[in-house]
Amino acid sequence: MKTILPILTVVAAIVVLWYGAAVWLNSKWVYDQAARAGTEVTTAQLISETMAQERPVLPAPHQVLAGLWDGVAGQKITSKRSLVYHGWVTLSATMAGFVLGTAAGLILAIGIVHSRAMDMSVMPWAIASQTIPILAIAPMVIVVLASLGIKGLVPKAIIAAYLSFFPILVGMVKGLRAPDGMQLDLLRTYNTPRAAVLWKLRLPSSMPYLFASLKVGVAAALVGTIVAELPAGATAGLGARLLSGSYYGQTVQIWAALFAAALLAAALVAVVGAIEAVTLKRMGMAR
Amino acid sequence: MAAIPIIEARGVDLVFQTNDGPVQALRDVNLEVAKGEFVSFIGPSGCGKTTFLRCIAALETPTGGTLKVRGMSADDARRERSYGYVFQAAGLYPWRTIAGNIRLPLEIMGYPKPDQEARVEKVLELVDLKGFGKKFPWQLSGGMQQRASIARALAFDAEILLMDEPFGALDEIVRDRLNEELLKLWSRTGKTIGFVTHSIPEAVYLSTKIVVMSPRPGRITDVIDSPLPRGERPLEIRDSREFLEIAHRVREGLRAGHAYEV
Chain A
596 MKTILPILTV
606 VAAIVVLWYG
616 AAVWLNSKWV
626 YDQAARAGTE
636 VTTAQLISET
646 MAQERPVLPA
656 PHQVLAGLWD
666 GVAGQKITSK
676 RSLVYHGWVT
686 LSATMAGFVL
696 GTAAGLILAI
706 GIVHSRAMDM
716 SVMPWAIASQ
726 TIPILAIAPM
736 VIVVLASLGI
746 KGLVPKAIIA
756 AYLSFFPILV
766 GMVKGLRAPD
776 GMQLDLLRTY
786 NTPRAAVLWK
796 LRLPSSMPYL
806 FASLKVGVAA
816 ALVGTIVAEL
826 PAGATAGLGA
836 RLLSGSYYGQ
846 TVQIWAALFA
856 AALLAAALVA
866 VVGAIEAVTL
876 KRMGMAR
Chain B
55 MAAIPIIEAR
65 GVDLVFQTND
75 GPVQALRDVN
85 LEVAKGEFVS
95 FIGPSGCGKT
105 TFLRCIAALE
115 TPTGGTLKVR
125 GMSADDARRE
135 RSYGYVFQAA
145 GLYPWRTIAG
155 NIRLPLEIMG
165 YPKPDQEARV
175 EKVLELVDLK
185 GFGKKFPWQL
195 SGGMQQRASI
205 ARALAFDAEI
215 LLMDEPFGAL
225 DEIVRDRLNE
235 ELLKLWSRTG
245 KTIGFVTHSI
255 PEAVYLSTKI
265 VVMSPRPGRI
275 TDVIDSPLPR
285 GERPLEIRDS
295 REFLEIAHRV
305 REGLRAGHAY
315 EV
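Protein sequences, first through last, are from chains A and B. Take the first sequence: its letters are residues 596 to 882, numbered as in this note's numbering. Take the second sequence: its letters are residues 55 to 316, numbered as in this note's numbering.
Derived from the structure by calculation, the hints contain no laboratory data. Any given hint could be a false lead.
Straight line, CA to CA, 30 angstroms or less: simulated DSBU-like cross-link-like pairs of lysine-lysine [stated by the list, open to error]:
#, chain 1, residue 1, chain 2, residue 2
1, B, K188, A, K795
2, A, K810, A, K876
3, A, K876, B, K189
4, A, K769, A, K876
5, A, K769, B, K176
6, B, K176, A, K795
7, B, K263, A, K795
8, B, K188, A, K876
9, A, K876, B, K167
10, B, K176, B, K188
11, A, K795, B, K167
12, B, K184, A, K675
13, A, K876, B, K238
Covered by chain A, according to a simulated footprint, are these stretches of chain B (three or more residues, beta-carbon under 8 angstroms) [said to hold, decoys possible]:
#, stretch
14, 143-150
15, 153-166
Glycine included, every Cβ here is placed at the ideal spot set by N, Cα and C.
Starting from the given sequences, assemble the full structure and let the hints guide the process.
Below is the structure:
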């Protein structure tokens with residue numbers, strides 16, 4: 596109960612600010628309409644009209660919620676207007692990319708920890724890969740793959756993987772190197788093969804790092820997928836929904852898709868968090 | 055003492071290359087340890103006692119001289135899993151139970167499953183931790199954790215037990231108890247024990263052979279064969295005349311080492 600009050604206070608403050616901003620940003624249209632009709636606008640009119648526009652500059656929170664509700668519950672799941680449908684398209688590509696990115700990050704991290712040559716050669720490239728704006732890479736990847744006849748989920752998953760492998764790589768390099776000299780010496784006294792050092796010491800020690808990275812990685816994978824849906828002229832996915840909303844000035848649709856994406860990201864992070872809690876508890880590492 | 059010594063050092067030198075130039079950690083260390091002995095290495099910090107123990111364990115490689123363990127090179131002896139090593143900290147894996155921690159070397163060395171269980175039970179009893187196998191390390195006190203780490207070193211059939219200040223972080227009351235138990239354990243298992251400490255009473259109470267070392271460079275200044283009876287020794291032995299005489303000689307040896315330094 597102690598934590599719920601501050602949380603609600605912050606939410607309430609955001610909602611109040613948002614409503615204020617909606618009135619302010621949407622008032623121009625109301626004044627223009629009134630000037631054209633030659634009428635005066637009262638304050639009450641101003642407020643009610645700024646909140647009920649079809650294409651507001653900034654939709655009011657209740658409009659966004661209504662749009663979100665309509666998109667989720669008001670449509671058939673197979674409908675092109677359903678956010679569940681678009682959400683699923685995005686989610687499936689996100690998950691595919693996340694799995695791919697996690698595997699790539701893990702394998703590279705294991706290589707880097709075990710080989711000095713890989714440490715020197717792979718890490719700079721991994722860092723360089725993240726300095727290039729994803730918006731510049733995504734269209735190229737999609738065009739190149741499309742020319743090879745690969746379309747749909749795979750190109751999006753690759754871009755999602757491209758964004759999500761990096762946090763896993765960095766976190767796991769740190770995590771696999773977490774065991775101190777004494778723990779490594781202990782295994783040396785047993786003449787332990789390297790594979791067993793990895794399985795019995797390095798991987799278990801890296802678990803807290805792994806989950807921290809997975810949370811960043813899964814959110815990055817979602818961003819990657821949505822970005823990949825923007826330039827392709829894709830017809831499905833939350834990214835496509837955002838894009839078509841901006842083509843036709845459907846700001847409510849944009850915001851609803853945005854919120855759907857945010858909720859999806861929050862849900863994914865929460866799922867990773869739940870797996871983390873269960874795993875660390877079973878490993879006796881949660882306290 | 056006619057049999058081949060289990061540990062034999064001849065003119066062992068070790069020089070570490072550091073950023074500030076070479077540091078001589080050990081100089082001309084000569085030592086013979088017979089099977090079944092309890093050897094203590096005592097000296098001030100920086101005298102190389104831990105370094106020498108690590109050389110025996112092949113965790114460090116001497117830069118000069120010869121060091122033979124069980125008649126072979128230290129590294130071969132390590133590969134043959136000749137010794138169990140107990141570190142200053144217990145270093146138990148927090149994600150494994152006490153039994154799981156003790157099972158770790160057995161898993162790595164490929165002991166069959168039923169044998170693993172039997173051995174874990176046996177050593178848990180040996181270190182007086184029966185019934186604690188299912189607990190996690192953080193549920194145990196520091197002394198119990200250190201006993202678990204000794205059990206882990208005893209679980210497999212190594213002839214030698216190397217211990218690097220295993221009780222250094224414990225209070226004196228717990229330390230006395232563990233010393234007593236360690237002696238019992240030694241006489242029951244018949245292992246050869248190499249034990250690093252900076253406590254004179256601990257060294258004299260436990261050992262059949264006391265190696266006094268001094269720093270800069272690390273070298274042996276005195277080797278004392280203890281006249282105290284082998285096997286179990288009551289704690290009261292520490293008030294006996296013989297005990298005090300050996301303790302005095304150790305203290306003299308340590309002082310001589312320091313005089314050399316000034």
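Enumerated hints in conflict with the structure, sorted upward: Hint check: 5, 7, 12 and 13 fail, others pass.
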